[in-house]
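> Using the sequences and the hints given, assemble the complete structure.
What follows is the residue order along each chain.
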Amino acid sequence: SQQGEEDPQALSIQEGENATMNCSYKTSINNLQWYRQNSGRGLVHLILIRSNEREKHSGRLRVTLDTSKKSSSLLITASRAADTASYFCATGSSYKLIFGSGTRLLVRP
Amino acid sequence: DAGVTQSPTHLIKTRGQHVTLRCSPISGHKSVSWYQQVLGQGPQFIFQYYEKEERGRGNFPDRFSARQFPNYSSELNVNALLLGDSALYLCASSLSSVYNEQFFGPGTRLTVL
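Order-wise, the sequence lines are chains A and B.
Numbers 1 to 109, taken from our numbering, label the letters of the first sequence in order.
Numbers 1 to 113, taken from our numbering, label the letters of the second sequence in order.
Some hints could be false.
Derived pair list, reagent style SDA-like, types lysine to any residue, alpha-carbon separation capped at 25 Å [as the list claims (entries may be wrong)]:
1) B:LYS30 x A:ASN30
2) A:LYS70 x B:LYS13
3) A:LYS26 x B:HIS29
4) A:LYS26 x B:ARG55
5) B:LYS13 x A:LEU48
6) A:LYS26 x B:ALA2
7) A:LYS69 x A:ARG54
8) B:LYS30 x A:ASN31
9) B:LYS30 x A:HIS45
10) B:LYS30 x A:LEU48
11) B:LYS30 x B:PHE64
Simulated restraints on C-beta separations [as the list claims (entries may be wrong)]:
12) A:GLY40 x B:ARG15: 16 to 24 Å
13) B:ALA2 x A:GLY40: 34 to 42 Å
14) B:GLU53 x A:SER28: 25 to 33 Å
15) B:LEU95 x A:LYS56: 33 to 41 Å
16) A:LEU48 x B:PRO8: 40 to 48 Å
17) A:THR77 x B:THR14: 46 to 54 Å
18) B:PRO61 x A:GLN14: 42 to 50 Å
19) B:THR14 x A:ARG41: 18 to 26 Å
20) A:ASN30 x B:GLY3: 24 to 32 Å
21) A:ARG80 x B:ARG57: 34 to 42 Å
22) A:ARG80 x B:LEU95: 38 to 46 Å
23) A:ARG60 x B:LYS13: 37 to 45 Å
24) B:GLY28 x A:ALA78: 29 to 37 Å
25) A:ASN30 x B:THR111: 33 to 41 Å
Everything labelled a hint here was simulated from the structure, so no lab data went into it.
Being a predicted model, the structure only gives us computed values, none of them experimental.
Just so it is clear, CB atoms sit at the ideal spot from N, CA and C, and this is done for glycine as well.
Shown next as structure tokens:
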């Protein structure tokens, strides 16, 4: 079963615009991670935010976490065509990650 | 340093057959996890192995099995293949068994006809 659910399922934006994806989860977490997947291949780790953190930045990425609402958001600023991919949030127990269903982002040149 | 490697890249099997997928973790990583990703969905956890012992198992039938070798590489075996086993199988490695950042391989695309 999926722990997280991303919203929206698909997003199409123009290059240079910002993209925001949201993730909701069901149970308590130690941390939450975001991954990117290009063309149905391997996943690439983007950022990890711990349960005691509210916001984290990495380059053009900004992640927020609201544990009271069991939700997180990923913001990609100044998007590029190369950002076109599927984005997944993941939470988990001590030995596994539980992924959401993902947001498919299309950045139009 | 090489990342996580998986073989083969693609595989076509027929129903009822058996398949073995292989994974080599990043050097120094002792944990290997396997995930199944059906088209249009997020990865689903199958197994985690750490120091050659199974540490966790997802909700998959006994047709799925795995093992980890002394060099920390791993195999995923699936018996009596069903059409529904068609998916991308992902291997991930990490430094420890505790939930943290995982490094994924490119995956093996399995098609069952």
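> Would you mind marking each hint as holding or not holding in the structure?
These are the hints, each one checked on the structure:
1. B:LYS30 x A:ASN30: 21 Å, holds
2. A:LYS70 x B:LYS13: Answer violated: LYS70 (chain A) to LYS13 (chain B) is near 41 Å, above 25 Å.
3. A:LYS26 x B:HIS29: The given pair, whose Cα atoms are some 30 Å apart, is violated under the 25 Å limit.
4. A:LYS26 x B:ARG55: 23 Å, holds
5. B:LYS13 x A:LEU48: 37 Å, violated
6. A:LYS26 x B:ALA2: 36 Å, violated
7. A:LYS69 x A:ARG54: 12 Å, holds
8. B:LYS30 x A:ASN31: 21 Å, holds
9. B:LYS30 x A:HIS45: 18 Å, holds
10. B:LYS30 x A:LEU48: 21 Å, holds
11. B:LYS30 x B:PHE64: This hinted pair holds, its Cα atoms lying about 21 Å apart.
12. A:GLY40 x B:ARG15: 16 to 24 Å: 23 Å, holds
13. B:ALA2 x A:GLY40: 34 to 42 Å: Violated, at about 22 Å.
14. B:GLU53 x A:SER28: 25 to 33 Å: 26 Å, holds
15. B:LEU95 x A:LYS56: 33 to 41 Å: Roughly 21 Å apart at Cβ, these two residues miss the hinted range, so it is violated.
16. A:LEU48 x B:PRO8: 40 to 48 Å: 31 Å, violated
17. A:THR77 x B:THR14: 46 to 54 Å: 48 Å, holds
18. B:PRO61 x A:GLN14: 42 to 50 Å: 46 Å, holds
19. B:THR14 x A:ARG41: 18 to 26 Å: With a Cβ separation near 25 Å, THR14 (chain B) and ARG41 (chain A) satisfy 18 to 26 Å, so the hint holds.
20. A:ASN30 x B:GLY3: 24 to 32 Å: 25 Å, holds
21. A:ARG80 x B:ARG57: 34 to 42 Å: 40 Å, holds
22. A:ARG80 x B:LEU95: 38 to 46 Å: For LEU95 (chain B) against ARG80 (chain A), whose Cβ atoms are near 31 Å apart, the range 38 to 46 Å is violated.
23. A:ARG60 x B:LYS13: 37 to 45 Å: About 41 Å separates the Cβ atoms of ARG60 (chain A) and LYS13 (chain B), which means 37 to 45 Å holds.
24. B:GLY28 x A:ALA78: 29 to 37 Å: The hinted range 29 to 37 Å holds for GLY28 (chain B) and ALA78 (chain A), with Cβ atoms some 35 Å apart.
25. A:ASN30 x B:THR111: 33 to 41 Å: 37 Å, holds
Checked against the numbered hints given earlier, the structure breaks hints 2, 3, 5, 6, 13, 15, 16 and 22 and satisfies all the rest.
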